[in-house]
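Residue numbers (full-length UniProt numbering), protein chains in the order written: chain A, 1 to 84; chain B, 1 to 84; chain C, 1 to 154; chain D, 1 to 154.
Keep in mind the hints are simulated off the structure, nothing from the lab.
Think of the CB as a built atom: it goes at the ideal place given N, C-alpha and C, for glycine as much as any other residue.
Heads up, none of these hints are tricks.
If you want the footprint, here are the derived chain B segments under chain D, 3+ residues with CB under 8 Å:
| # | segment |
| --- | --- |
| 1 | 3–11 |
| 2 | 56–63 |
| 3 | 73–83 |
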Amino acid sequence: MLRILYFAWLRDQLGCPGETLPLPQGVRSVQDLIDRLRARGGAYGEIFARPELIRVAVNHSFATVDAPVAANDEIAFFPPVTGG
Amino acid sequence: MLRILYFAWLRDQLGCPGETLPLPQGVRSVQDLIDRLRARGGAYGEIFARPELIRVAVNHSFATVDAPVAANDEIAFFPPVTGG
Amino acid sequence: MSCVTVRVQADTFDATHETALLLRRRDDVGGVGAFTGIVRGGGGLVALELEHYPGMTESMMRQIAESACTRFGLTGCTVIHRVGRLEVGMPIVLVLCAAAHRKAALEGTEFMMDWLKTSAPFWKREEFSNGRSEWVQPRAQDDAATARWGTLGT
Amino acid sequence: MSCVTVRVQADTFDATHETALLLRRRDDVGGVGAFTGIVRGGGGLVALELEHYPGMTESMMRQIAESACTRFGLTGCTVIHRVGRLEVGMPIVLVLCAAAHRKAALEGTEFMMDWLKTSAPFWKREEFSNGRSEWVQPRAQDDAATARWGTLGT
Chain A
1 MLRILYFAWL
11 RDQLGCPGET
21 LPLPQGVRSV
31 QDLIDRLRAR
41 GGAYGEIFAR
51 PELIRVAVNH
61 SFATVDAPVA
71 ANDEIAFFPP
81 VTGG
Chain B
1 MLRILYFAWL
11 RDQLGCPGET
21 LPLPQGVRSV
31 QDLIDRLRAR
41 GGAYGEIFAR
51 PELIRVAVNH
61 SFATVDAPVA
71 ANDEIAFFPP
81 VTGG
Chain C
1 MSCVTVRVQA
11 DTFDATHETA
21 LLLRRRDDVG
31 GVGAFTGIVR
41 GGGGLVALEL
51 EHYPGMTESM
61 MRQIAESACT
71 RFGLTGCTVI
81 HRVGRLEVGM
91 PIVLVLCAAA
101 HRKAALEGTE
111 FMMDWLKTSA
121 PFWKREEFSN
131 GRSEWVQPRA
141 QDDAATARWG
151 TLGT
Chain D
1 MSCVTVRVQA
11 DTFDATHETA
21 LLLRRRDDVG
31 GVGAFTGIVR
41 GGGGLVALEL
51 EHYPGMTESM
61 MRQIAESACT
71 RFGLTGCTVI
81 HRVGRLEVGM
91 PIVLVLCAAA
101 HRKAALEGTE
111 FMMDWLKTSA
121 PFWKREEFSN
131 GRSEWVQPRA
141 QDDAATARWG
151 TLGT
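The task is simple: from the sequences and hints, build the whole structure.
Next up, the structure:
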C-alpha cells in the first residue's frame, strides 16, 4: 500500500494528516501522483495546482517531481521547512 | 612611585614578580625604562636586550616602547599572551 | 571516531550536560562550539507550535550531523530539536560541535544550523496575543546561507 | 541595552545557567552562540597552569565584550576565563553571545575568542607526565585570526 502524508498548512487545508491506498494504476512518478490528487478537486485541486508551494519526500528523503513512486512507498507533501 | 610587574617566564627568569621604585631620573618612555633594566645585567640584561620577546602594558593598556612613563604609573612586562 | 547524538523531544535540554557527554573519555577536544535557538518575541507573538515529520526528521538531522563531522573533522556533535508549544524566551534547538580547534568547532556549528533551517522537516506556527495563529514563511536568506556550503553529502 | 558579564575565576562555569541569565527579562533574543575552550591532551600533557594579570585582564575582557556588543548588535554577552591548574579535559573559557539572529550570535562568538587569544593577558604553562613543565608559545595563526577583524575599538 502507498502511504501519503500531509504536514503543516497542507494538512490543515486538506483536513487530513494522510491516507493509505493501493498504488493507483498508471502512477509511476511523484508528478503522476500530484496529477491524481489535483484531479480530486476541492482543497486538493487548489493545493496540487500550485506545486511551487510544495516540497516532497519519498521514503524520508527529499525528492523531485520526476522521482519514481512504487507500491509500499511513503510519500510526504509539505511546505518549505521552517525549523531551527 | 613607579610599579613594575613581570609575568610568566619573565618573572620566572628574573626570580621576581615586580618592584616599586621612584621614577628613575631621565626615564620618560618605556624605552628609557627598558634601557635602565637592561643595564642591570644578569637576567635583566639578557631579557631586556631582546625586546621582540616582550610585550608591555602601561596602566593596564597595551603600549609601545615610545609610550610615555610618569611617576605612579604601573608598567608590566610579559611575553605574548596565550589564553583562551 | 566521532560521536553523533540526535534527538527530537518536547522537553528542554541542558547544554552543560550535553557538553560534558561530548568530552567523556576523550582527551583530543580543544573546544566546543554551540548555538541555542530561542523563541524571539515581538509583534504580539506569544508562542510557537513546532510540528515535525517523525522518522524523516531524525534521519535528516543525522545526515547533517555526520556530514559536519566529516567536513570539519569534529570529534563529536549533538543536535537536539524541541517540538510542541514553546513560549517566547524558551530554547528551541541546541547544536554542539566538539573539535581539536575552535575554528572547526564554530564553523561546524554554523554549518549545522544552516542545514537544519532548510533541510530538517520542522514547521512553526506562530500564536499571537490577539488569538491569531499562522504558519511561519521560510526566509530566502536561510536558503542563501545554506547554499554557500554547497551540497550536504559527506 | 546590552548586558556584559566578565569574570576571571578558579572554579568551573555552567553554560546553561549563564545562558539563562542572558535571556532573563528579555524577549528580543533569537539565539545564543557559545564557545567552550577545553584543555586538549596529547604529547604527555597532564595539565595547564593559567596565570593572568589581575586588573588588566578584566579591563581587556570588558573592552573585547563591549566591542563585540557594538559591532554585532548583541543583546548581551558573557566571558568567563578560568585561572590556576586545569587538567586535560577541563573547561578553560566560556564565551556566550546573545543576539536577535544566529549570524550575529555566532560571528560575535568568533570575534571574542579571536581577541581573547591575542589580547587578554593570560599565560599558560604546560605540565607533562614526565615532570617537565614549559610556557606555551603563542601561535602565529591566532594573530592572523584576530587581524581579519581590523581594530578592536568600538
